[in-house]
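Chains as they are written, first to last, in my numbering: chain A, 3 to 537; chain B, 3 to 537.
Hints are computed from structural coordinates only; laboratory data are not their basis. Some hints could be false.
[As the list claims (entries may be wrong)] Subject to a maximum C-alpha distance of 27 Å in a straight line, what follows is the list of computed BS3-like cross-link-like pairs (lysine-lysine):
id: 1; chain 1: B; residue 1: K501; chain 2: A; residue 2: K328
id: 2; chain 1: B; residue 1: K488; chain 2: A; residue 2: K98
id: 3; chain 1: A; residue 1: K473; chain 2: B; residue 2: K130
id: 4; chain 1: B; residue 1: K31; chain 2: A; residue 2: K35
id: 5; chain 1: B; residue 1: K523; chain 2: A; residue 2: K442
id: 6; chain 1: B; residue 1: K328; chain 2: A; residue 2: K488
id: 7; chain 1: B; residue 1: K308; chain 2: A; residue 2: K155
id: 8; chain 1: B; residue 1: K498; chain 2: A; residue 2: K419
id: 9; chain 1: B; residue 1: K488; chain 2: A; residue 2: K328
id: 10; chain 1: B; residue 1: K474; chain 2: A; residue 2: K462
id: 11; chain 1: B; residue 1: K251; chain 2: A; residue 2: K473
id: 12; chain 1: A; residue 1: K421; chain 2: B; residue 2: K501
id: 13; chain 1: B; residue 1: K41; chain 2: B; residue 2: K16
id: 14; chain 1: B; residue 1: K328; chain 2: A; residue 2: K442
id: 15; chain 1: B; residue 1: K421; chain 2: A; residue 2: K391
id: 16; chain 1: A; residue 1: K488; chain 2: A; residue 2: K473
id: 17; chain 1: A; residue 1: K442; chain 2: A; residue 2: K396
id: 18; chain 1: A; residue 1: K136; chain 2: B; residue 2: K466
id: 19; chain 1: A; residue 1: K14; chain 2: B; residue 2: K442
id: 20; chain 1: B; residue 1: K501; chain 2: A; residue 2: K41
id: 21; chain 1: A; residue 1: K14; chain 2: B; residue 2: K523
id: 22; chain 1: B; residue 1: K14; chain 2: A; residue 2: K137
id: 23; chain 1: A; residue 1: K312; chain 2: A; residue 2: K370
id: 24; chain 1: B; residue 1: K328; chain 2: A; residue 2: K41
id: 25; chain 1: B; residue 1: K130; chain 2: B; residue 2: K155
id: 26; chain 1: A; residue 1: K474; chain 2: B; residue 2: K259
id: 27; chain 1: A; residue 1: K396; chain 2: B; residue 2: K136
id: 28; chain 1: B; residue 1: K41; chain 2: A; residue 2: K498
id: 29; chain 1: A; residue 1: K473; chain 2: A; residue 2: K391
From a predicted model like this one, the values you see are computed outputs, not experimental measurements.
Number of protein chains: 2
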Amino acid sequence: MSDNKRGIIPRKIKGFRDIYPELNQLRWKIITKAGEVYKKYGYEHWDTPIIEYADCLGKYMPDRDTIEEGVYSFRNPEKEPVYKKNGEELRDKWNKVIMDNHHLSLRYDLTAPLARLYSENLWSQFLKNNINEKKIPLFRRYQFGQVFRYETKLDPGRFREFWQLDFDTVGTNNITADAEVCMILSDAMEAIGLKRETYIVNVNNRKILKGFLREIGIFEIKIIDDKNISQNGEEIEQDILRIIDKVDKIGIKEVVKELGKGRKDSSGAKIIGLKLTENIIEKIEKYLTTFNGISTRTEIINNLNKLSIKDKIFNEGLDELIIIDKLLNDIGYKDDRIAFLPTMVRGMAYYTGPVFEVNSMQKYKDEKGRERKVGAICGGGRYDGLVEKLIGIKAPATGASIGVDRLAELLYLTKQKDKLENGPVFIVVFDDNLMSEYQKIAAEIRNAGIKTEIYYGTQKGLRKQLTYADKKNCPLAILIGEDEIKQGIVTVKNLKLGKDKKMQDIKDRKIWRAKVQKQVKRENLISYIIETIEK
Amino acid sequence: MSDNKRGIIPRKIKGFRDIYPELNQLRWKIITKAGEVYKKYGYEHWDTPIIEYADCLGKYMPDRDTIEEGVYSFRNPEKEPVYKKNGEELRDKWNKVIMDNHHLSLRYDLTAPLARLYSENLWSQFLKNNINEKKIPLFRRYQFGQVFRYETKLDPGRFREFWQLDFDTVGTNNITADAEVCMILSDAMEAIGLKRETYIVNVNNRKILKGFLREIGIFEIKIIDDKNISQNGEEIEQDILRIIDKVDKIGIKEVVKELGKGRKDSSGAKIIGLKLTENIIEKIEKYLTTFNGISTRTEIINNLNKLSIKDKIFNEGLDELIIIDKLLNDIGYKDDRIAFLPTMVRGMAYYTGPVFEVNSMQKYKDEKGRERKVGAICGGGRYDGLVEKLIGIKAPATGASIGVDRLAELLYLTKQKDKLENGPVFIVVFDDNLMSEYQKIAAEIRNAGIKTEIYYGTQKGLRKQLTYADKKNCPLAILIGEDEIKQGIVTVKNLKLGKDKKMQDIKDRKIWRAKVQKQVKRENLISYIIETIEK
Numbered sequence: 003m004s005d006n007k008r009g010i011i012p013r014k015i016k017g018f019r020d021i022y023p024e025l026n027q028l029r030w031k032i033i034t035k036a037g038e039v040y041k042k043y044g045y046e047h048w049d050t051p052i053i054e055y056a057d058c059l060g061k062y063m064p065d066r067d068t069i070e071e072g073v074y075s076f077r078n079p080e081k082e083p084v085y086k087k088n089g090e091e092l093r094d095k096w097n098k099v100i101m102d103n104h105h106l107s108l109r110y111d112l113t114a115p116l117a118r119l120y121s122e123n124l125w126s127q128f129l130k131n132n133i134n135e136k137k138i139p140l141f142r143r144y145q146f147g148q149v150f151r152y153e154t155k156l157d158p159g160r161f162r163e164f165w166q167l168d169f170d171t172v173g174t175n176n177i178t179a180d181a182e183v184c185m186i187l188s189d190a191m192e193a194i195g196l197k198r199e200t201y202i203v204n205v206n207n208r209k210i211l212k213g214f215l216r217e218i219g220i221f222e223i224k225i226i227d228d229k230n231i232s233q234n235g236e237e238i239e240q241d242i243l244r245i246i247d248k249v250d251k252i253g254i255k256e257v258v259k260e261l262g263k264g265r266k267d268s269s270g271a272k273i274i275g276l277k278l279t280e281n282i283i284e285k286i287e288k289y290l291t292t293f294n295g296i297s298t299r300t301e302i303i304n305n306l307n308k309l310s311i312k313d314k315i316f317n318e319g320l321d322e323l324i325i326i327d328k329l330l331n332d333i334g335y336k337d338d339r340i341a342f343l344p345t346m347v348r349g350m351a352y353y354t355g356p357v358f359e360v361n362s363m364q365k366y367k368d369e370k371g372r373e374r375k376v377g378a379i380c381g382g383g384r385y386d387g388l389v390e391k392l393i394g395i396k397a398p399a400t401g402a403s404i405g406v407d408r409l410a411e412l413l414y415l416t417k418q419k420d421k422l423e424n425g426p427v428f429i430v431v432f433d434d435n436l437m438s439e440y441q442k443i444a445a446e447i448r449n450a451g452i453k454t455e456i457y458y459g460t461q462k463g464l465r466k467q468l469t470y471a472d473k474k475n476c477p478l479a480i481l482i483g484e485d486e487i488k489q490g491i492v493t494v495k496n497l498k499l500g501k502d503k504k505m506q507d508i509k510d511r512k513i514w515r516a517k518v519q520k521q522v523k524r525e526n527l528i529s530y531i532i533e534t535i536e537k
Numbered sequence: 003m004s005d006n007k008r009g010i011i012p013r014k015i016k017g018f019r020d021i022y023p024e025l026n027q028l029r030w031k032i033i034t035k036a037g038e039v040y041k042k043y044g045y046e047h048w049d050t051p052i053i054e055y056a057d058c059l060g061k062y063m064p065d066r067d068t069i070e071e072g073v074y075s076f077r078n079p080e081k082e083p084v085y086k087k088n089g090e091e092l093r094d095k096w097n098k099v100i101m102d103n104h105h106l107s108l109r110y111d112l113t114a115p116l117a118r119l120y121s122e123n124l125w126s127q128f129l130k131n132n133i134n135e136k137k138i139p140l141f142r143r144y145q146f147g148q149v150f151r152y153e154t155k156l157d158p159g160r161f162r163e164f165w166q167l168d169f170d171t172v173g174t175n176n177i178t179a180d181a182e183v184c185m186i187l188s189d190a191m192e193a194i195g196l197k198r199e200t201y202i203v204n205v206n207n208r209k210i211l212k213g214f215l216r217e218i219g220i221f222e223i224k225i226i227d228d229k230n231i232s233q234n235g236e237e238i239e240q241d242i243l244r245i246i247d248k249v250d251k252i253g254i255k256e257v258v259k260e261l262g263k264g265r266k267d268s269s270g271a272k273i274i275g276l277k278l279t280e281n282i283i284e285k286i287e288k289y290l291t292t293f294n295g296i297s298t299r300t301e302i303i304n305n306l307n308k309l310s311i312k313d314k315i316f317n318e319g320l321d322e323l324i325i326i327d328k329l330l331n332d333i334g335y336k337d338d339r340i341a342f343l344p345t346m347v348r349g350m351a352y353y354t355g356p357v358f359e360v361n362s363m364q365k366y367k368d369e370k371g372r373e374r375k376v377g378a379i380c381g382g383g384r385y386d387g388l389v390e391k392l393i394g395i396k397a398p399a400t401g402a403s404i405g406v407d408r409l410a411e412l413l414y415l416t417k418q419k420d421k422l423e424n425g426p427v428f429i430v431v432f433d434d435n436l437m438s439e440y441q442k443i444a445a446e447i448r449n450a451g452i453k454t455e456i457y458y459g460t461q462k463g464l465r466k467q468l469t470y471a472d473k474k475n476c477p478l479a480i481l482i483g484e485d486e487i488k489q490g491i492v493t494v495k496n497l498k499l500g501k502d503k504k505m506q507d508i509k510d511r512k513i514w515r516a517k518v519q520k521q522v523k524r525e526n527l528i529s530y531i532i533e534t535i536e537k
């Protein structure tokens, strides 16, 4: 099949989309407002490239040109040296540097590039052996931009390119920094315009879940999976966490089934169970039941204490929650803004301590009229091992990410978006010979600080021009022909008033026109426009 | 070689870079200020994906996985139908839809995605045969973001990922729209902070150059190139334009040589000449000499008229320049802002009429102390054929693009950047037990609208903390220990004053400290901070 038989159909890649002005207005409101909050806490604005060496992003180490694990990757067209772990170039037996087209990836989040950035800045120190865990620098940055995921199944409303807005502190083991992340998330939500009690920042600690599971003995049991492979404690832990993570969606009863003999999903398909012992399942069920439903941070701490768990990691996690709670109380972030949720897992495997999410409690009606919840709009946590993967030195870190597009969708669906920005004052073009007059008027209006557009389209009819202006949400249209110029007047049509519902009740066209369309003296035009728009 | 022998060296891809806060401040100043100007003229903010189907971007139609023509491309991991020109799926002889992993590209500019966006919106109309040149809609948008070029040779200061800021009008053949583009470019430069007479918007018209070359007979001559292939008129025209484009860099004399027998470049390498006839070369030389050096738009129009060229295209181009000049005069954009430059070519082959560029006349010293010019920081023009390639219908268009990174570099190199933004007020952490006091103070300062950071680093020494604060351009440091709390006071160190040159002359440490470090009553802290920062 020759290429010239193919059609060049103008289209976007599946899972990608164009952002129209109204959506952009929402997106940039979120970025600007939350960015201001981040800055207020001392975060600086950094940016990193869209593409990175695949190995630096860490998650994905490909040996093929196509990818299957959710990341868009390809080979660098440029051949470059292959390096050894110590930073030296790898050479062949003739001492020639081995060259390769390295794998490149579109970034899948903003945290992996942060780890690369932080590590790269330490690299020369690292090679000199001049860096250790006690000497790691503190680094706080915020960043926003596109990230890319190659999701093979694409749910409606999900995209393969979406925007994130992250803030992170690298080089701190201070648990106060984690408490601050919760405060920032809450501040950011309210700066964006979410009302209190329509959202909640949920906090848990991975150590609590891990310690609890250790205490009840999951690291001592043996499980043979369905492929007849025996699993170690870590793998069992990950499986249990993965199932507990579903409790919000499927409820405790179904979680219990999946931990045991298995269950059927909503479509009737069979989901194989983890086949844990009755004893362990019972303990997990009790834990989930205890922390099901809303209670205050104080109650939750009391209940966690009452479990009388001896495990060291559990108690580390509990102590950290207590520190966070105390600080939040001191500064006045109450239970209506930040809550503890000991059943919360959060997906990312790299979290090592406190984890956070922001949940919207708001509901909306989908296209079929069903009531739906928006769910999580931000996520984050402490990740003490991410930099270690690159330079072998622990640089404990904590931070969170706002899902900009999810949040924009929330504001849109729950009708919390701002009023659509006014379009430009619109100058109708009747006669190209008058262009210089149109331009002079436009320049005057712009000089008064007001957006103004002259119509340059090929379809010249008045109706066509006004339809175009209406689509752009133009507030006023300026109409000038030869006659108006002779008389020194300008006709100004109030497009917004014309669309007003009250106006549509006026049946008499004369009265309607008298209200919507005014003749203004040329010398009064600018002040009339300013006055009308400000109303 | 197994992958685990490879080192994961934290590094960026060659030609890519991280953007630190100071550079980000410049970048976003440019985007915000110029964006406001675009909006003022009626452009709306749209966004398109970073990656597109390679065939939709038009320039590059690959049949391999690697690319050589300056575009980063790769295969879509997802198989999708292959389409015929009419939009139907292509089927094999068993009537099965042919599937393929289509080629995807990182966008190399923002104009090709605009053509895709505009065409895609017209596609359903197009399939219904419901669209023609007279019915094409008017569309005006601005957009900013990263674009990617795989340049095999990478000059210093050049990058493979850089930001552009475009505004375009599609669906207009009105030459006034082109005049407006010049006005917008000039307004945008001044909004960003460039002073008048440090930059110039240059305007030419491709039709003038094309018409002139037709008039002197280049479409009638025969040239056999060095590979013994005879070239047609279009090819000769492109070659001549390519050489004329160099006049700024190499001068008329060298251009004349390259049009004839050839020349040697600065390194002594031989550049093969175009071997045009003496007669033609003489005419081109005369043209270049006539329009060499600065003259007013009026003079240039007079000189173009004096050439007495009969060619239709030349005169179309000249008439368009005259329209542009008249409008600019009417609105008051004089020769010090917008100039005509009849020798200007502008690289992109798709320009069909007026072309624009913004040149900075400012000079800077490079790292070797040599004086250098910045050159072109914006480019644009009329492109009437770009949408036609996708839907076969002419949608005449005009617009321009600001090279955001080039412009940021200009502001940086010529020291026109704004003062570095103040960092946060910095709270030194002496004692973790006092954290709740530090937090309360921080919250108070933030509530007064001032950025505040509490130190969470692992290196606790005072000097380390203050070095960190200095790096972040923090104006003040707050020092509180047990003693201060007992006495109800706070020590405030003025970090900016401490760095002041005048202060360094003070030899007496006591006097110095008394000036730089103040003890403030706790209840007066916030007002003291506000007062000091506002100074």
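Hints versus structure:
1. B:K501 - A:K328: Roughly 38 Å separates the two Cα atoms, so the pair is violated.
2. B:K488 - A:K98: Violated, at roughly 69 Å.
3. A:K473 - B:K130: holds (23 Å)
4. B:K31 - A:K35: Holds. K31 (chain B) to K35 (chain A) sits at ~17 Å (cutoff 27 Å).
5. B:K523 - A:K442: Roughly 59 Å between the alpha carbons, so the hint for K523 (chain B) and K442 (chain A) is violated.
6. B:K328 - A:K488: holds (22 Å)
7. B:K308 - A:K155: violated (67 Å)
8. B:K498 - A:K419: Violated, at about 41 Å.
9. B:K488 - A:K328: holds (22 Å)
10. B:K474 - A:K462: violated (56 Å)
11. B:K251 - A:K473: Judged against 27 Å, a Cα distance of about 47 Å means the pair is violated.
12. A:K421 - B:K501: violated (47 Å)
13. B:K41 - B:K16: violated (36 Å)
14. B:K328 - A:K442: Distance of about 12 Å is within 27 Å: holds.
15. B:K421 - A:K391: Distance of about 38 Å is beyond 27 Å: violated.
16. A:K488 - A:K473: Given that 27 Å is the threshold and the Cα spacing comes to 31 Å, the pair is violated.
17. A:K442 - A:K396: violated (64 Å)
18. A:K136 - B:K466: The hint holds at about 12 Å.
19. A:K14 - B:K442: violated (50 Å)
20. B:K501 - A:K41: Holds, at about 23 Å.
21. A:K14 - B:K523: Violated, at roughly 62 Å.
22. B:K14 - A:K137: holds (24 Å)
23. A:K312 - A:K370: violated (51 Å)
24. B:K328 - A:K41: violated (48 Å)
25. B:K130 - B:K155: violated (47 Å)
26. A:K474 - B:K259: Not satisfied, since the Cα-Cα distance of roughly 54 Å exceeds 27 Å.
27. A:K396 - B:K136: violated (65 Å)
28. B:K41 - A:K498: holds (19 Å)
29. A:K473 - A:K391: violated (52 Å)
Hints 1, 2, 5, 7, 8, 10, 11, 12, 13, 15, 16, 17, 19, 21, 23, 24, 25, 26, 27, 29, counting from the list given before, are not met by this structure.
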